[in-house]
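Q: Read off the chains here:
There are 2 protein chains.
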Amino acid sequence: MSDESTPNTPAKQHPADIADQLEQLTTDEAAAALRALPAETASEVLTELDTEVANDIAAQLSNEELSSLLAELPHDAAADIAADLSPEQQVAVLAQLDPPESAKVSELMRYSEDSAGGIMRDTFIALPARLTVGEGLNLIRQRGEEEFQGVTYVYIVDEHGKLAGVVSIRDLVFRPPARRLAEVMNPRVHFVRVDTDQEEVARQFTQYHYMALPVVERDGRLVGLVEASQVIGVLQEEATEDMQLMVGVSGEESAHTPWRRAIGKRTPWLYVNLLTAFMAAAVIAWFENTLAQWTALAVFLPIIAGQGGNAGMQALTVTIRSMALGELDGDAARRVLMKELILGLLNGVAFGLTVGVIGYLWKGSFLLGLIVFLAMFLNMVAAAASGVLIPLALRALRFDPALSSSIFLTTVTDVAGFFFFLGLASLLIPLFGHV
Amino acid sequence: MSDESTPNTPAKQHPADIADQLEQLTTDEAAAALRALPAETASEVLTELDTEVANDIAAQLSNEELSSLLAELPHDAAADIAADLSPEQQVAVLAQLDPPESAKVSELMRYSEDSAGGIMRDTFIALPARLTVGEGLNLIRQRGEEEFQGVTYVYIVDEHGKLAGVVSIRDLVFRPPARRLAEVMNPRVHFVRVDTDQEEVARQFTQYHYMALPVVERDGRLVGLVEASQVIGVLQEEATEDMQLMVGVSGEESAHTPWRRAIGKRTPWLYVNLLTAFMAAAVIAWFENTLAQWTALAVFLPIIAGQGGNAGMQALTVTIRSMALGELDGDAARRVLMKELILGLLNGVAFGLTVGVIGYLWKGSFLLGLIVFLAMFLNMVAAAASGVLIPLALRALRFDPALSSSIFLTTVTDVAGFFFFLGLASLLIPLFGHV
Chain E
1 MSDESTPNTP AKQHPADIAD QLEQLTTDEA AAALRALPAE TASEVLTELD
51 TEVANDIAAQ LSNEELSSLL AELPHDAAAD IAADLSPEQQ VAVLAQLDPP
101 ESAKVSELMR YSEDSAGGIM RDTFIALPAR LTVGEGLNLI RQRGEEEFQG
151 VTYVYIVDEH GKLAGVVSIR DLVFRPPARR LAEVMNPRVH FVRVDTDQEE
201 VARQFTQYHY MALPVVERDG RLVGLVEASQ VIGVLQEEAT EDMQLMVGVS
251 GEESAHTPWR RAIGKRTPWL YVNLLTAFMA AAVIAWFENT LAQWTALAVF
301 LPIIAGQGGN AGMQALTVTI RSMALGELDG DAARRVLMKE LILGLLNGVA
351 FGLTVGVIGY LWKGSFLLGL IVFLAMFLNM VAAAASGVLI PLALRALRFD
401 PALSSSIFLT TVTDVAGFFF FLGLASLLIP LFGHV
Chain X
1 MSDESTPNTP AKQHPADIAD QLEQLTTDEA AAALRALPAE TASEVLTELD
51 TEVANDIAAQ LSNEELSSLL AELPHDAAAD IAADLSPEQQ VAVLAQLDPP
101 ESAKVSELMR YSEDSAGGIM RDTFIALPAR LTVGEGLNLI RQRGEEEFQG
151 VTYVYIVDEH GKLAGVVSIR DLVFRPPARR LAEVMNPRVH FVRVDTDQEE
201 VARQFTQYHY MALPVVERDG RLVGLVEASQ VIGVLQEEAT EDMQLMVGVS
251 GEESAHTPWR RAIGKRTPWL YVNLLTAFMA AAVIAWFENT LAQWTALAVF
301 LPIIAGQGGN AGMQALTVTI RSMALGELDG DAARRVLMKE LILGLLNGVA
351 FGLTVGVIGY LWKGSFLLGL IVFLAMFLNM VAAAASGVLI PLALRALRFD
401 PALSSSIFLT TVTDVAGFFF FLGLASLLIP LFGHV
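As given, the protein sequences belong to chains E and X, one line each in that order. Each residue of the first sequence is one higher than the one before, starting from 1 at the first, in my numbering. Each residue of the second sequence is one higher than the one before, starting from 1 at the first, in my numbering.
In short, the hints are calculated from the structure, not lab data. Check each hint, because a few of them may be wrong.
Cross-link-like lysine-lysine pairs, in silico, BS3-like; alpha carbons within 25 Å at most [stated by the list, open to error]: (1) E:K12 <-> X:K162; (2) E:K12 <-> E:K104; (3) X:K104 <-> X:K162; (4) X:K104 <-> E:K162.
To spell it out: a stretch of chain E is covered by chain X in this simulated footprint if at least three of its residues, at any positions, have a beta carbon under 8 Å from a beta carbon of chain X; those stretches are [to be verified]: (5) 169-175; (6) 259-266.
Just so it is clear, CB atoms sit at the ideal spot from N, CA and C, and this is done for glycine as well.
Construct the entire structure; sequences and hints are all you get.
A: Here you go:
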């Protein structure tokens, strides 16, 4: 338990729950509610709010109010909030903090918010390797209760502050007090660098089940600590972002985001989708004569396009999820493309035959059946390939691989599906003179 | 760090990395590779494998091999593997464990694998409240190193083993040794019950940033501990499952799942999709005469259906993600439906006008523009409503709200889109006598 003040009894509300309630209010109401809370609670509520809501509320508060809230917070939480303020407000608010506090907050603000440096906290226990176990224990005894909250491991540093090893609290308590920390520490300590991406940090926690990882500067100096409980927040964020980005929704939006805020991020992608829909429509317009002669063809258009769209979404979703879990680096991408192509070929044959036979039986036309079979087969293969290649291409272009990928995918499956089907029809039907 | 044996040096591979490599092999090869490893490593690798792969390999191992591997594992990990064995193998393997070990593993197998009981570990430090701080410290000193790994908090129980409070290791070390634990403990300790769903456990960790939560039986007896590092695995699993279930892919599949295994789960849903595509096609077939007279209509079919599909996917994805995060209980669902309907109405007007004007300009027909406007408007509203109502309906029917919801959604947007558009056309065009 990181927060001993949270009982199961409803006597006192957790700041996270208060934040959920404030998110339902208008910015003015929320700012007023925040002002009515004791500073300690208000500051914690501020850190629990969705970023956008927190920014809006912060913009309503005076510099004095903001700095008194930030003063209550751990440096990393204060840095997160300060980083989102306007440059003028930032300077004014930081100037009102105690100079040493202000320096520590500014220090943390240097790191990108998606990096290990951006999510780490700077309260951890580091002891010089030259001390004895007994001396180390005495130093810890003198520290404030707060800094010790939830600490399980004590990190050992050399004379330059570089990470040298790790000791569990248990070892510290039960080893002979006269031994040097350098002797009892485990020198093989896993760590991340300040500039390690938070997704990679999360991947390491997922893969190796750490409870905490020390964070070092480029030169090896120990500067922070990331705990499993913080990584949980990162993972939830990243999962939300991936799911929502895929369909052109901001990672920040939740079901409770007011529609005024949601529309600004969603609608532009729907306009992109509209543009791509016109590309698909243009294919149909191109073949309007073919369609005018054999309107039965129109019945199969949505089947071929839709089936490709859904099969492609399967490949796309698995690919994006695997990328997020760090399973798709280097050579792996080629193997995954192979797997999806095999699935695409098999699905192409299976669904091509199914729908082709239905087409043949419906109109008693072998040619219609053949056209349907070929178009379905080709579109299923195109869908499978796109499901893997679209996120790979987005990643190579340094976009998020999930970014509106479902919109790009359905463009491919619609355009390709219509083109294969109507193209084959306009090519083959004149040869036979009938459907 | 939960695993001090993992250095940054590549000298020794982490069991999780070995597991990743085994997942690339055939079951026979993987079983052979596992046999070649020392029992301690092999057992850890077994727990790191994807469930399906682990089950396949376990089926290849003899009962003796399996029980010697399980004997190396923490009880909860052994229980997870044993739970997936065939009933005969289960009995035979458990019979070969030491009777007290076997009893503990069987005990844990009683809990559903998706519950707090299913993910908790049964090694934790519990001290009777009547002891003094000094006596408690002495008891801990006598415990094995392993059981203490990563423990930050010590739980205090009453004479019946019921959870009574919590003490940090720090308090234990630095408080006066003669004081009773009952006096120094914090009695307001947050906990979950063995039957709490793992998604709810994860939600509590996300909301309140716990490092660990004790798990109690229905009668309040302390029986286990869930740590943040375990919840990370649960969250990754749940996020994967939600994303992939939406498009008809099993939550177990990863990019590296062989196609033979993937096809069995994906293809049935594609057949469901095919069925629903035929429903959409049937709408077109129904209006084939209308379409034969005005083939220009066919050009707008994919635009209206596709635009509805993508807007609906936005509403659907946000709804499902919010459900997973526990934000959509009770009254909240109605508010979210309202939000999405407002967005649907606005998008309907915006895209209806855009596409309607284009339709009017293209063919110089006011009627075509009007039909396009109305159909687009209606389909956007239907899409928005379906995006919220489909997952709500699935949940009410006790399915996973994500279950193939994108397939159901595109059915609605295709069928409704075609029906609105062609229905309006067949109704209005005869009145005007032309398009």
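Q: Counting residues of the stretch 259-266 of chain E that have a beta-carbon nearer than 8 Å to any beta-carbon of chain X, does the count reach 3?
A: Since 4 is at least three, the answer is holds.
Q: Measure nothing beyond the straight line between the CA atoms of K12 (chain E) and K162 (chain X); if it is 25 Å or shorter, mark the hint as holding.
A: 24 Å, holds
Q: Counting residues of the stretch 169-175 of chain E with a beta carbon closer than 8 Å to any beta carbon of chain X, are there 3 or more?
A: Holds, because 4 residues of the stretch 169-175 of chain E bring their Cβ atoms closer than 8 Å to Cβ atoms of chain X.
Q: Verify the proposed pairing of K104 (chain X) with K162 (chain X), using a straight-line Cα cut of 25 Å.
A: 19 Å, holds
Q: Given the hint that K12 (chain E) pairs with K104 (chain E), test it: the Cα-Cα distance must not exceed 25 Å.
A: 31 Å, violated
Q: Could you grab the alpha-carbon distance between K104 (chain X) and K162 (chain E) and see if it respects the 25 Å cut-off?
A: Roughly 44 Å between the alpha carbons, so the hint for K104 (chain X) and K162 (chain E) is violated.
Checked against the numbered hints listed earlier, the structure breaks hints 2, 4; every other hint is satisfied.
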